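Engineer: Residues per chain, in single letters:
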Amino acid sequence: MRRRRRKIKDLIQEQTPSQDEVISTSLTINKEYLDQTPNLPGLTVREITIFDGRNALVTYIDNISDTPFISQNVLSPLLSTREKDRTVANVITVPKIRLVNKWKDIETHLLQGSCLLFLEGDKDALLVNALKTQKRKPMEPANERTIRGSHIGFIESLEDNISMLRHFLTSDQLRIQYTFVGKENKTKIGIVYLENLANPEALEELMTRIEGVKYKTILDSGELEQMIEDNPYSIFPQFLASERPDSVAADLLQGRYAIIVDRSPSVIVGPINFNSFFQSIDDYSSRWISSSFIRILRFISFVIAIFLPSFYIAIISFHYEILPLELLLSIGQSRREVPFPPIIEAFLMEFILEMLREAGLRLPKSIGQTVGIVGGIIIGQSAVEAGIVSNIMVIVVAMTAISSFVMPNPEMAFGIRFIRFPMMLVASFFGMVGIIIGFMVIVMHLVSLESLGTPYGIPFGPLKWKDLKDSVIRFPLWAIEKVKTSRSN
Amino acid sequence: MKHSYKKFLKSCMVFLLIFLVGCRSDQLSLERTSIALVVGIDQSQEEGDMTIYQTNPVFSREATDTVSTLQTTAHSLRQARDNLDSQSAGTIVGGKLQVLLLGKELMKEQAMFEELDVFYRDPKNSPNARVAMVDGPIREIMEFKPEDKPRLAVYLSDLIDTTHLRENAVLTTLQEFHYANFEKGITPAVTEILFKGEEIQVKGSALLDENGKYVFSAGHLESSIIQMLRKDVQEPIPISLVVEKPNKVLSVGVTRIKRNIDVSYKDDQLVFDIDFKLKVSITENTSSLDLIKDSSRIESIISKKIEKKADKLIKKVQDEKIEPFGLGVYVRAYEYDKWKTFEDDWPEEFSKAKVNVKTSVSIIEHGVIQ
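Protein sequences, first through last, are from chains A and B. Straight run, no breaks: the first sequence in the working numbering ends on number 536. Straight run, no breaks: the second sequence in the working numbering ends on number 603.
No lab work stands behind these hints: they were computed from the structure. One or more of the hints may lead you astray.
Claimed, not checked - Computed list of lysine-lysine pairs in DSSO-like fashion (alpha-carbon distance at most 30 Å, straight line):
# : chain 1 : residue 1 : chain 2 : residue 2
1 : B       : K240      : A       : K261
2 : A       : K261      : B       : K341
3 : A       : K230      : B       : K239
4 : B       : K417      : A       : K263
5 : B       : K512      : B       : K341
6 : A       : K261      : B       : K239
7 : B       : K542      : A       : K263
Keep in mind it's a predicted model, so treat the numbers as computed, not measured.
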């Protein structure tokens, strides 16, 4: 098989010009090349006689190019014009025409959806961009919904995403740097920032990291994110991914960089800090007291999601003294029927919770409800009745689940859900002392983490008084305007 | 990148080293404990021994009773615990102790403070347990299981707390008991309870000497006065007076108290000038007194009554050579040089002191009738 293919290849090379050569002035030779080349599957080649009497070849790849566009803007003018003294370039009704003459370039452009026009006797071929794209409507992203504010979301096209950002930021300071990543399949990425606000050192760092990516194909921005992170062994995300143009625009106003990967609707933003994961774009459009309340709620649920199960284990295994008597008696009553030690009980329930969440995630909505019923009624109620878990444990699991869903950012929420498990382990070994040590390790890790070379713990550690105004409590907008639009990182 | 990979490996190894080391942990699951909620110490038939009672909750679906009561005889509390441990299914822990009951007969003979050493030495024991003296055998209270009341520990602690809230008895926790013993300017007092018929009742306060030996009992109003002198009151204090014989009553609630305690020496005698300013509201009046016209008379009746009670109490306290009011602290603060000379036998010195109690009452409320 391979032998035969090589033979064909050899044959082709004998008869037709190689990739590196330029096109011929003869249509027949060009047509022969196009017919023979194996790199262009699905190529359509049409021979026509155009208005000035010359013969021409119109070629494009069917499935990538926009056929109605070509027939309307290329074929139809070429065939129906009656004024013979006009040039071909003047007849074609598209904004941009390029001339190419190397076969290699021609092949690349045809694969990118261009339409090429070979003219009898011409040294160059005319190139018209006729890429057909499958575009989704810019709908509101499902996991970043807001109550107020815009309901538009990024789509799978770099240029459209940049245009959406442009809608929000009309500043003349907006800069876009294009580059490519991927060794085999080049993916276009655009780095968007505001010249007057962004830190140039971070840009340099970002560019060297992107250039250093040696991955073959980047399909999604998530993949790129992992390639350019500061600490890939951390469970905390060091870039913020968002599908919302308004929140990315708000980040740009804080001097951050947005990295838009073509064909990926989620835009990654950096440098980021721990505090950013507790903010949502909604916070700024609602009034400051209510959004401060929500912020406090998020921080409390962060603590609950990490520490509640381990706190339960520590109390049951070591520090029953700190419970009020009545609660102690009722917990003791329900614990007595459970044959497992608290750590097994807690692990069992937390794993079931994670499974339920994962099971419900990708299922269609109608079946997703079934998962909820199975989880809620069968596991929640029956497990208690059967004496497998205590009813306090069910409350603990429910509270941690709700708390972990409060996090506005799914990546951060995952990190939090994961830390729970090692925390439960240390709690069962060392009780409250273990929890405190675990907490200190988390804090140490958070403050030593960096995102694009800037500290992750800002504004808490290193402490920045000015930025604290937009952290746990969101001060009124006029008081934080400087924080919101400044080179804070 | 390679460097941080090694770092990751190293931290994994450290993690495993920490967690794979076998060592004894002081982990003790809740359901494996037998939590002592009420501990009672009473006299034993045998010389030098004490009878120790303990109740703990029973967590079991099969057991019909939710409380188990254990009893043993031992020389000391720690010894008793070891005995009880072998009688109980769970490990006995004292971290949630609610009430410590002490027998009156035992307290008459023995200074209790030394016996309670284990409660203070072992940090796992709760210092918040209420100390109460029982007039009568403790056994009866420990085996008291009425159907219309919660479990004994909850019932007893609620009973003591609410009585203290109305200032009808002092409330002393183990920690405060320790303080009263350690502080030279005060002698301890604990709640006194009584098992009468089929009811538990808070009788008042039991006043102890500096070593924790029982001396005499104070009733409800006397307990209120002790606490007024200690500046440890939560208003309102209810006071009922019989103003017209045989059964016409005037009840008032003391809503605000201002106290002023002055210490001085007059002719080499220690003098306390204690000045109470009470603001009272009338809560009940079944007598023929006219609240508006006779207001000054009512005020003097109330203040006379309180003064009389206080004088009587102080007289008795001085006779018995104890001092549960904590007035020694004022002497130390204002007459330090003199205090140094008699600090070790302050109750003795107090018995020689002169205490003037002056009370002025003003009525601020008559209720909603008028």
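Engineer: Evaluate each hint against the coordinates.
Structural biologist: Structure-based check of all given hints:
no.: 1; hint: B/K240 x A/K261; result: 23 Å, holds
no.: 2; hint: A/K261 x B/K341; result: 89 Å, violated
no.: 3; hint: A/K230 x B/K239; result: 27 Å, holds
no.: 4; hint: B/K417 x A/K263; result: 83 Å, violated
no.: 5; hint: B/K512 x B/K341; result: 39 Å, violated
no.: 6; hint: A/K261 x B/K239; result: 21 Å, holds
no.: 7; hint: B/K542 x A/K263; result: 96 Å, violated
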